[in-house]
Amino acid sequence: MFQFILKRLGLAILVAFTVSFISFSLLFLAGDPAAALAGETASGEDIEALRHLYGFDRPMMVQYGDWLFSALRGDFGESYYFKLPVAGLIFDRLSITMTLGVCGIAFALLTAVPLGVAAAIRPNSLIDRIALFLSVAGQALPSFWFGLILVVVFSIKLGWLPPSGTATWRHFIMPTIVLGYYAMPAIMRLTRAGMLEVLSSDYIRTARAKGAPEMRVMFKHALRNAIIPVVSLAAVQMGFMLGGSIVVESIFALHGAGYLAWESIGRNDLPTVQALILIFAMFYIVFTFLADVLNAWLDPRMRSS
Amino acid sequence: MADRLLTVRDLVIDIPVGGGTLHAVRGIDFELDRGEVLCIVGESGSGKSLTSLALMGLLGKRIKPRATQMDFDGTALLSASKKTMRSLRGARMSMIFQEPMTSLNPAYTIGDQLMEAMLLHRDVPRAEARARAVELLEKVGITAAESRLGQYPHQLSGGLRQRVMIAMALMCGPELIIADEPTTALDVTIQAQILRLLVDLVREMGMAMILITHDLGVVARVADKVAVMYAGELVETGPAKEIFEAPMHPYTRGLLRCIPLPGKTKRGSELGTIPGIVPSLVGRVSGCVFRTRCTFATEACRGDIPRHLRGPQAFRCVLDDGGLSQEKQEVQA
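Protein sequences appear in the order of chains A and B. Just so it is clear: in the first sequence, position 159 is 159 by UniProt numbering, and no numbers are missing. Just so it is clear: in the second sequence, position 230 is 230 by UniProt numbering, and no numbers are missing.
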């Protein structure tokens, strides 16, 4: 197990380096950064001066090393737009995004897994139909539309929940539901399919033949095996939610990191975009790593491979 | 009278399929005394496994078996509550399955799965269940039993897994073991070894066993009683000795010609085959199901088939000698 974790950790670090290099190169792929910085009316001399000031005239690998070393210390440079350190800018926004992401995935898992299990225990029953309906609806409803409907019903008509902002936990209820419901269908379908497959396997019959009560058969013997692919999926979705909740953040005016990324792209604020890409990628890497460790704990066969 | 453990009267298993009903098992009767070994033989699809699953109450929600009587030591299995059935399964009646490779849960250690069988039924501390697991692993011939407890199924070979399955079935000291082709999925080299082990343990612990197999060589060695199944019916039952020495039903005789038996099959003689295939059991089934493959079949075989008793032996055929005299004439001619 320890060896497995070490191996995965090494792999994760390699991926992290690759991603950091790619996100650094974006600066150059997007055109001459000095020209972009100087603006359209700048003279050639101004651009040259800026190029030297920001160090763009140095060899690329030197710039990368410099940038990476700073980034590791939490220094992502200065935002072109805000003229403030990027790290501070992102840090404020990240707590909002992370709160939303964690709540969203929790909501998705807490609805999808029980529904998926219930649907698999009684296929084609009413509960299975309801679960199918909810998942099809979740896949078909665009987040922005579903979010606005919630605002109309619960904020405007009923006045139960605040429509926007981040002041209290009540502000997070609707965003959580919208974001979580987006991830729910896939998790639910995968749980159901996994459970159905596992329930027809020989070792479930063995468990019953031992005289195990049905609840124990379902949760101890079946779910542990069925949940393995769900863990991997949830990790990817969690990464997605932390980086890609731009739509939800805009609807509910939660000024999180996703929203900042979207704004910064429009403003050509490259240091901010770079830093955000790196951080979002790190989330993916960390969650995939955690999912691998969790799966290895769930499935002993994975540890030895 | 011997101590009766299991009585089955007129067991019927119908399976709903696409366009009708599959009459998989139709009115079979047998009984088993304590300490007896009953072998159920027959081809694939003859209903052997279904019968054993029905005894264990493991047929699933979709299939409802019926019987006029199906008693295990005074408990009517078909009308027993789920709770009663659970308390019997794994404790007083255990089952060993055909597929050792997939019958153990990949996520738990051998030790956990062995101990579970005991902890579910007996109020004993884990240490005691653990000790029992080690004892049984040693009994089924697994070396370094103590360290095996922490291993996972994927770390064991098929033969070892089946030994673990046997040990698991024995954890609570059951009175009845049902073994459904326990060696079919194993390498030929260890089949005999595992079977010998199973039979020795059953004899040693005084358990009754239903051994389902299509290997008549095995039956000849271990059975007290034999039940021959064909397409969902018991065509012949009786003590092993009588069945092997004087098989009455044409199907039983055909089966016996298909295998070489020491002392019975002449050296150099050709082994027999039974031509044809098992008929479909979907829809109405009447008359003798073997008539499509039987050399003695006549119009009468479409009607009701009487049951003949010859001492402890019973068989179903329109001919009261199962066509034996006709067969002898043919051989002479």
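By construction, these hints were calculated from the structure, which means they are not laboratory data. Be a bit skeptical, because a hint or two may be false.
To be verified - In silico contact screen, one side only, chain A against chain B (beta carbon under 7 Å); selected entries:
#1 Phe82
#2 Lys83
#3 Ser200
#4 Asp202
#5 Ala209
#6 Lys210
#7 Gly211
#8 Ala212
#9 Arg224
#10 Asn225
#11 Pro229
#12 Asn268
#13 Arg301
Said to hold, decoys possible - Here are the simulated lysine-lysine pairs, DSSO-like style, with alpha carbons at most 27 Å apart:
#14 B/Lys328 x B/Lys241
#15 B/Lys83 x A/Lys220
#16 B/Lys82 x A/Lys220
#17 B/Lys83 x B/Lys61
#18 B/Lys241 x A/Lys220
#19 B/Lys64 x B/Lys82
Note that the Cβ used here is the ideal one computed from N, Cα and C, for glycine as well.
Consistency of the hints with the structure:
1. The interface hint given for A/Phe82 is broken, as the beta carbon of that residue sits about 51 Å from the closest beta carbon of chain B, more than 7 Å.
2. Given hint, A/Lys83 at the interface with chain B, is violated; its Cβ is 55 Å from that chain's nearest Cβ, farther than 7 Å.
3. Taking 7 Å as the C-beta contact cut-off toward chain B, the hint placing A/Ser200 at the interface is violated, the least distance being around 10 Å.
4. Look at A/Asp202: its Cβ gets to within about 4 Å of chain B, closer than 7 Å, so that hint holds up.
5. Nearest Cβ of chain B to the Cβ of A/Ala209: about 5 Å, under the 7 Å cut. The hint holds.
6. At a threshold of 7 Å, the smallest CB-CB gap from A/Lys210 to chain B is about 4 Å, leaving the interface hint in force.
7. Among the interface hints, the one on A/Gly211 holds; its C-beta lies about 4 Å from the nearest C-beta in chain B, closer than the 7 Å criterion.
8. Given the 7 Å rule on beta carbons, the hint for A/Ala212 holds: about 6 Å separates it from the nearest Cβ of chain B.
9. Below 7 Å, beta-carbon pairs count as interface contacts, and A/Arg224 has one with chain B at about 5 Å; its hint therefore holds.
10. The interface hint given for A/Asn225 is met, as the beta carbon of that residue sits about 5 Å from the closest beta carbon of chain B, less than 7 Å.
11. Restraint check, A/Pro229 versus chain B: the minimum CB separation of about 14 Å is more than 7 Å; hint violated.
12. For A/Asn268, the interface hint is violated, the least distance from its beta-carbon to any beta-carbon of chain B being 51 Å, above 7 Å.
13. The beta carbon of A/Arg301 is positioned within 7 Å of a beta carbon in chain B (closest approach about 5 Å), and the interface hint is therefore held.
14. Simply put, B/Lys328 and B/Lys241 have alpha-carbon atoms about 21 Å apart, close enough for the 27 Å limit, and the pair holds.
15. Simply put, B/Lys83 and A/Lys220 have alpha-carbon atoms about 19 Å apart, close enough for the 27 Å limit, and the pair holds.
16. For the proposed pair B/Lys82 and A/Lys220, the alpha carbon gap of about 19 Å is at most 27 Å, so the pair holds.
17. Between B/Lys83 and B/Lys61 the CA atoms are separated by roughly 15 Å; this keeps the pair inside 27 Å, and the hint holds.
18. Among the hinted pairs, B/Lys241 with A/Lys220 is inconsistent with the structure: their alpha-carbon atoms are about 46 Å apart, more than 27 Å.
19. Straight-line distance between C-alpha atoms of B/Lys64 and B/Lys82 comes to about 14 Å, which keeps the hinted pair within the 27 Å bound.
In summary, the numbered hints that this structure violates are 1, 2, 3, 11, 12 and 18.
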